[in-house]
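Please arrange chain G on chain R, whose structure you already have, making use of the hints.
Heads up: the protein sequence lines correspond to chains R and G, in order. If you count the first sequence from 1, position 28 lands on 28 in my numbering, and the numbers rise without skipping. If you count the second sequence from 1, position 123 lands on 203 in my numbering, and the numbers rise without skipping.
No lab work stands behind these hints: they were computed from the structure. Bear in mind that the values here come from a model prediction, so they are computed numbers and not experimental data. There's no promise every hint is true.
Claimed, not checked - Covered by chain R, per the in silico footprint, the following chain G stretches (three or more residues, Cβ under 8 Å): (1) 132 to 144; (2) 175 to 188.
What the hints assert, rightly or not - Among chain G residues calculated to face chain R with C-beta under 8 Å, some are: (3) TRP92; (4) ILE214; (5) GLU215; (6) PRO216.
No residue lacks a Cβ here, since even glycine has one placed at the ideal position from N, Cα and C.
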Amino acid sequence: MPVTLVFLGKLADLAGVDQKQVEGPLDWQGLLDELHGPLGSAARQDRTRIAVNGEVLADKAALEAENGDEVALLPPVSGG
Amino acid sequence: MFRRVELVRGHWDPNDAVGDFASQVPAAGGIATFVGKVRPDGDVEALELTHYEKLTLPGMEKLADEVAKRWQLEGLLILHRVGEMFPGEPIVCVSAAAKHRRAAIEAVDFAMDHLKSNSWFWKREKRAGVWAWIEPREQDHSDLARWKD
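Isolated chain G, as found in the complex:
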């Protein structure tokens, strides 16, 4: 299985990454992709994602292991921005390639739920020039609970 799991530190284009990824999985019957962006949401001026070197990427690798165990995939791409970004900019890109669509779609859904609520990132937003840390949302935890067997 082709696999690429990385933190992205500057400006990037997920479309380029997905294009490269698609060329690595010629045996796939389908590719599902999710790209999350900084929501152009009222008065948010900027968003910053902090990570912890010793945990964040190793945690993403473990998540990729788990995804690869649960679904038979041809390839898996997990890219996550860190640092300061602005409304409309991409934060996260998950793409899964499989023989059939359901495995690809479910793998992306699972990976996103876990990136949102179970990965080592801390987010703050700037509004009217003032930074404030974002608390976890209850919705993220109930999204995660969907996958408990």
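Just chain R, same shape as in the assembly:
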């Protein structure tokens, strides 16, 4: 089972899909290679966070995902 990328909020619009499967292992550079154009720029923004299996990374450049993991891209929140 590959790595599942999950796009939240406006990142889903930029990606054109809510989810995408990619072959693991996946590090930060590998993730950026998968994200083209405005999606890549949005992922690089400081305020875009990354979560692996529901744990938000303090430093997204430290991403290390294996096959079967779920990697979520989280733009700034706007709730309530």
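Frame of chain R, contents of chain G only:
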């Protein structure tokens, strides 16, 4: 302490939820409640809240833990709608029951500030048939800063 923290997925009535909640906290001396609605604001036709299963509800549970640590409460209710909703419809309901009023009122204020700016929800609005994502407001972050010790 009685506690109920949930995501709401369809039409709902916060008054029913608060009524049920009140019956669960007989020892309370007071109950404070805030209900947030989709503001009937000019040309907004609809609003959609997206959430992320693995983070949103667990984050709300952590927020409830924090509220329960800071104030002595008899009960805490946090309900948040997700999905598409229309002007005038309720989005969020927070209710806190305590022996005395200040704890209840402050707990609700704290929970709302954190739900607005520090919880995993993404909001978009439809105007003239076109959806647009809502960016976080600076005001939400300064509201949050009020609670930093």
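Notebook entry, point to check: Are three or more residues of the region 132 to 144 of chain G within 8 Å, CB to CB, of chain R?
Noted result: holds (count 4)
Checklist line | Closest C-beta approach of PRO216 (chain G) to chain R relative to 8 Å, hint status | finding: holds (5 Å)
Notebook entry, point to check: Does TRP92 (chain G) pass the interface hint, meaning its C-beta sits closer than 8 Å to a C-beta of chain R?
Noted result: violated (16 Å)
Notebook entry, point to check: Can GLU215 (chain G) be said to touch chain R, with a Cβ gap under 8 Å?
Noted result: At 6 Å from the nearest chain R Cβ, GLU215 (chain G) passes the 8 Å test, so the hint holds.
Margin query: Cut-off 8 Å, C-beta pairs, minimum 3 residues; does the coverage of the region 175 to 188 of chain G by chain R stand?
Written below: violated (count 0)
Next item on the list: Identify whether the interface hint at ILE214 (chain G) stands, where standing means a beta carbon of chain R within less than 8 Å of its own.
Entry: Since chain R brings a Cβ to about 4 Å from ILE214 (chain G), closer than 8 Å, the hint holds.
Hints 2 and 3, counting from the list given before, are not met by this structure.
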